[in-house]
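Q: Chains as they are written, first to last, in this note's numbering: chain A, 1 to 269; chain B, 1 to 269; chain C, 1 to 269.
No lab work stands behind these hints, which were simulated from the structure alone.
A portion of the hints provided could be inaccurate.
Said to hold, decoys possible - Facing chain A, from chain B, some residues (calculated, C-beta under 10 Å):
hint : residue
1    : Arg-86
2    : Gly-89
3    : Tyr-104
4    : Ala-235
Model, not experiment: these values are computed from the prediction.
Glycine included, C-beta positions come from ideal geometry on N, C-alpha and C.
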Amino acid sequence: MTLAIDPAAHLARLHQTTPLIHNITNLVAMNSMANVLLAIGASPAMVHAREEAAEFAALADALSVNIGTLSPHWVDAMVDAAGAARAAGKPWVLDPVAVGATRYRRESAARLLALSPDAIRGNASEIIALAEQQAGGRGVDSTATAESALGAAIALARHIGGTVAVTGEVDLVTDGRRVARIHGGHFLMPRVTTLGCALSGVVAAFLAGGDDRFEATVAALACYAVAGELAGENAGGPGSFMPAFLDALHALEAGTLTARLRLEVSDAP
Amino acid sequence: MTLAIDPAAHLARLHQTTPLIHNITNLVAMNSMANVLLAIGASPAMVHAREEAAEFAALADALSVNIGTLSPHWVDAMVDAAGAARAAGKPWVLDPVAVGATRYRRESAARLLALSPDAIRGNASEIIALAEQQAGGRGVDSTATAESALGAAIALARHIGGTVAVTGEVDLVTDGRRVARIHGGHFLMPRVTTLGCALSGVVAAFLAGGDDRFEATVAALACYAVAGELAGENAGGPGSFMPAFLDALHALEAGTLTARLRLEVSDAP
Amino acid sequence: MTLAIDPAAHLARLHQTTPLIHNITNLVAMNSMANVLLAIGASPAMVHAREEAAEFAALADALSVNIGTLSPHWVDAMVDAAGAARAAGKPWVLDPVAVGATRYRRESAARLLALSPDAIRGNASEIIALAEQQAGGRGVDSTATAESALGAAIALARHIGGTVAVTGEVDLVTDGRRVARIHGGHFLMPRVTTLGCALSGVVAAFLAGGDDRFEATVAALACYAVAGELAGENAGGPGSFMPAFLDALHALEAGTLTARLRLEVSDAP
Chain A
1 MTLAIDPAAH LARLHQTTPL IHNITNLVAM NSMANVLLAI GASPAMVHAR EEAAEFAALA
61 DALSVNIGTL SPHWVDAMVD AAGAARAAGK PWVLDPVAVG ATRYRRESAA RLLALSPDAI
121 RGNASEIIAL AEQQAGGRGV DSTATAESAL GAAIALARHI GGTVAVTGEV DLVTDGRRVA
181 RIHGGHFLMP RVTTLGCALS GVVAAFLAGG DDRFEATVAA LACYAVAGEL AGENAGGPGS
241 FMPAFLDALH ALEAGTLTAR LRLEVSDAP
Chain B
1 MTLAIDPAAH LARLHQTTPL IHNITNLVAM NSMANVLLAI GASPAMVHAR EEAAEFAALA
61 DALSVNIGTL SPHWVDAMVD AAGAARAAGK PWVLDPVAVG ATRYRRESAA RLLALSPDAI
121 RGNASEIIAL AEQQAGGRGV DSTATAESAL GAAIALARHI GGTVAVTGEV DLVTDGRRVA
181 RIHGGHFLMP RVTTLGCALS GVVAAFLAGG DDRFEATVAA LACYAVAGEL AGENAGGPGS
241 FMPAFLDALH ALEAGTLTAR LRLEVSDAP
Chain C
1 MTLAIDPAAH LARLHQTTPL IHNITNLVAM NSMANVLLAI GASPAMVHAR EEAAEFAALA
61 DALSVNIGTL SPHWVDAMVD AAGAARAAGK PWVLDPVAVG ATRYRRESAA RLLALSPDAI
121 RGNASEIIAL AEQQAGGRGV DSTATAESAL GAAIALARHI GGTVAVTGEV DLVTDGRRVA
181 RIHGGHFLMP RVTTLGCALS GVVAAFLAGG DDRFEATVAA LACYAVAGEL AGENAGGPGS
241 FMPAFLDALH ALEAGTLTAR LRLEVSDAP
C-alpha cells in the first residue's frame with residue numbers, strides 16, 4: 001500500500017510560516033541545531049532556565065527536548081516546558097539520547113515520556129531502550145539498524161499516541177498504524193556530531209502547524225535524507241560535510257525534494 | 001556632516017595589542033564567538049562561574065555579556081563581572097538577546113543595564129524592547145529594520161552614556177549625539193546562528209584600549225560589514241558562509257577595509 | 001637515542017576498537033571535540049551531571065576532563081568521574097585550561113591532580129602554572145614555546161606517574177624518563193578555538209587500551225600534527241581550516257602518518 005504523502009507541501013508551509021522552535025537540547029548540539037533550523041527556514045531559540053522555560057514554550061510554535069547532557073535544573077525545566085507546550089496545544093518532540101546508558105537518563109526520560117510527546121526521534125538502541133525502559137547501549141552511537149527497532153517503535157508510538165522516528169542507514173517513521181521507510185542520507189552523517197539531535201528540532205519545526213503528525217515527521221526526515229545525499233556529493237569528509245549539508249538544506253526546493261525522495265509507506269505489521 | 005572616523009586605525013591597534021576579551025555569552029554562541037575573536041586578532045576567554053568571574057573580569061581588557069541562555073547562577077556572575085569590569089575601568093558590552101520575550105529576560109537585562117554598559121548591541125526588536133523595558137518580539141530573530149529603532153537607540157545611548165549598535169540590513173551606531181550608518185554585510189548573515197552575538201564580543205575587543213567608544217563601535221561593525229560582504233562572494237549558502245567569514249575576518253587588512261567601507265555619519269536628530 | 005615508536009599501530013588499534021570516550025569538557029569545546037573524536041574513529045560522549053558522571057566513567061573506555069569553563073557542580077562531577085575511572089582501571093586525561101588565571105582554577109586543578117591523571121595536556125603556560133601551582137598566564141592562549149616548559153613537564157610527569165604533553169609550534173611529550181618532540185601542525189591552529197581541548201580527548205582515545213601511555217600520547221599528537229599539516233595545505237584561513245582538519249583526520253592512514261611524521265625521541269635530561 002502506498003499512501004499519498006507530499007513532503008514538499010510541508011516544506012512549503014514551513015518556508016511560509018517560519019515557525020519559532022523552542023529547543024532545550026544538549027550542550028554539544030546547540031550551535032549545529034540552530035544552524036540546521038535556520039538553514040531550513042525555521043527560527044530557533046534555546047531557552048532552558050526554569051524561570052522562563054514554560055513561559056517561552058507557550059509562546060513558541062513547537063518544542064524539542066533532548067536529554068543528551070543532563071543536570072537537575074535542566075530536567076526540571078524540560079518537564080515544565082513540555083507541560084506548558086501541552087497545555088498550550090503546541091507539539092513537542094523528545095530525543096532520548098543514550099537513554100539506556102545510565103539510571104539518571106532512564107528516570108529523566110520516563111518523566112518526559114509521561115508527558116506524551118507528539119513525536120520521538122532516536123537511533124535504534126535508544127528507541128529499543130526507551131520502549132523497554134531497561135538498560136541497553138553504552139554511548140550515543142548505535143550500530144543496530146533502524147529496522148531492528150521496528151517493533152519497539154510501533155509499541156512506543158501507540159503508547160504515546162504520536163509518531164516515532166528511528167534513524168539509521170534507512171530511516172523508519174511510524175505512528176503505530178503506518179510505517180514509512182526513507183532512503184537517502186550519506187555514510188558520513190554518523191561521523192558528524194549532533195546531526196541526529198538537530199533533526200529532532202527539524203521534526204518539531206514540521207510538526208508546528210501540521211495537521212498530520214505522521215506526514216509531518218516523514219517530511220522532516222525526507223528533507224534531511226535528500227539534503228544529506230546532496231551534501232555527500234560535495235563533501236570530502238565529515239568536516240566539509242557539515243557546511244555542504246547546511247547549504248543543501250537552505251537551497252532545498254520542492255522539485256528537488258520530490259524528484260530525489262525515495263519513500264515507501266505501508267501499514268504497520 | 002561627515003566626521004573623520006578611521007576604522008582601519010582601530011583594527012591596526014587591535015592587531016598590535018591582542019586584547020584579552022572575557023565573554024559570558026550564551027551556550028549557542030560560545031564556539032563561534034571564540035572563533036570570530038581569534039580570527040580578528042583578539043584572545044577570547046569564556047569564564048562564567050561566580051567563583052571566578054569578577055576576578056577574571058578585572059584581569060581581562062574588556063568584557064562582553066550576552067543574555068541568550070540564562071540561568072540564575074549565570075545572571076549573578078554576569079552582574080559580578082560587569083561590576084568588576086567597571087571598578088577596574090575596563091569597558092563592557094551588553095547583548096540583550098530576545099529581551100522582550102520573557103519576564104526573566106527583562107528583569108535580568110534591567111539588572112545589567114543598571115551597571116551602565118559602555119556599549120549595547122542588538123537587533124531592532126531587542127533595542128526597542130530594552131529602551132521601552134516592555135514586552136516585544138518573540139524570539140531571537142528580528143524582522144524590523146535597524147532604522148525603526150533609531151529613536152530607541154538614541155534614548156538608550158543617552159541613558160547609559162555609551163554607544164548603542166543596532167544591526168540589520170543597514171547597521172546603526174549612535175552615542176546619542178552622532179549616528180553612523182554602515183552598509184555591507186550579506187543576506188545570508190541572519191541565516192547563520194550567533195553571528196550577531198559574536199559581533200558583541202568584537203565590539204568589546206575594539207573598545208579595549210579605545211579612547212572614543214563611538215569610533216571603536218563603528219570600527220567593529222565596519223570590519224564585520226566588509227568581511228561579511230567578502231565572505232558572501234565565496235559562499236554557496238549559510239554553511240559555507242561561516243568558514244568564508246572567518247577567513248575574511250582573519251585576512252582583513254587596512255587597505256581593503258577602507259576601500260570597501262560604506263559609512264555615513266551624521267548628527268543625531 | 002631513538003626509541004621505536006609506531007604511531008600508525010596505535011591509530012590502527014583505535015580504528016579497530018572505536019573506544020567510547022567520556023568527556024567533561026568546556027562549553028566552547030564540546031562540539032568540536034565531538035567532531036574531532038568522530039573523525040579519528042572514536043565514539044565521544046559528553047556527560048557532566050553528578051547524578052551520572054561516575055556511573056558513565058566506569059562504562060566508558062577512557063575519560064577526559066577539561067577545566068575551561070567551570071562551575072561547582074561540574075567540578076564535583078569531574079572529581080567523581082576521575083575517581084570512578086581510576087577505580088575501574090580506565091585511563092583519564094586532564095586538560096588544565098588557563099589554570100594560572102584564577103584561584104578557583106588553581107584549586108579545582110589541584111583537586112583533580114590529586115587523582116593522578118594518566119596524562120596531562122596543555123600549553124606551556126598551563127603546564128608551568130600547574131607544575132608550580134602558582135599564578136601565571138592570563139588567558140587561554142600561550143606565547144611561550146613548549147620547550148620552555150620542558151622542566152615543568154618532566155617534574156609533573158614524575159609527580160603523576162604518567163605522561164605530560166605540551167603543545168606549541170613543536171610539541172613535547174614526556175613520561176619523566178623519555179622526551180618526544182613532534183614537528184608539524186600549522187600556524188593557523190592556534191587561531192582555531194578548542195583544537196587543543198579536542199586533542200586532550202584524542203589523547204584519551206589513544207590511551208584507551210594502550211599498554212604504553214607514553215607511546216599512546218605520542219601517537220595522538222603525531223596524528224594531530226600530520227593532519228594539521230595536511231589541512232593547512234587546503235585552508236584559506238582559520239575558518240576553512242577546521243573542515244579541512246576534520247577531513248584530514250578522518251582520511252588519515254598508516255602510510256601517510258608514517259611518511260609525514262617528524263618525531264624525535266630522547267632520554268629525559
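Q: Hint by hint, say whether it matches the structure.
A: Against the structure, the hints:
1. Arg-86: 25 Å, violated
2. Gly-89: 32 Å, violated
3. Tyr-104: 4 Å, holds
4. Ala-235: Check passed: Cβ of Ala-235 of chain B comes within 8 Å of chain A, closer than 10 Å.
Checked against the numbered hints given earlier, the structure breaks hints 1, 2 and satisfies all the rest.
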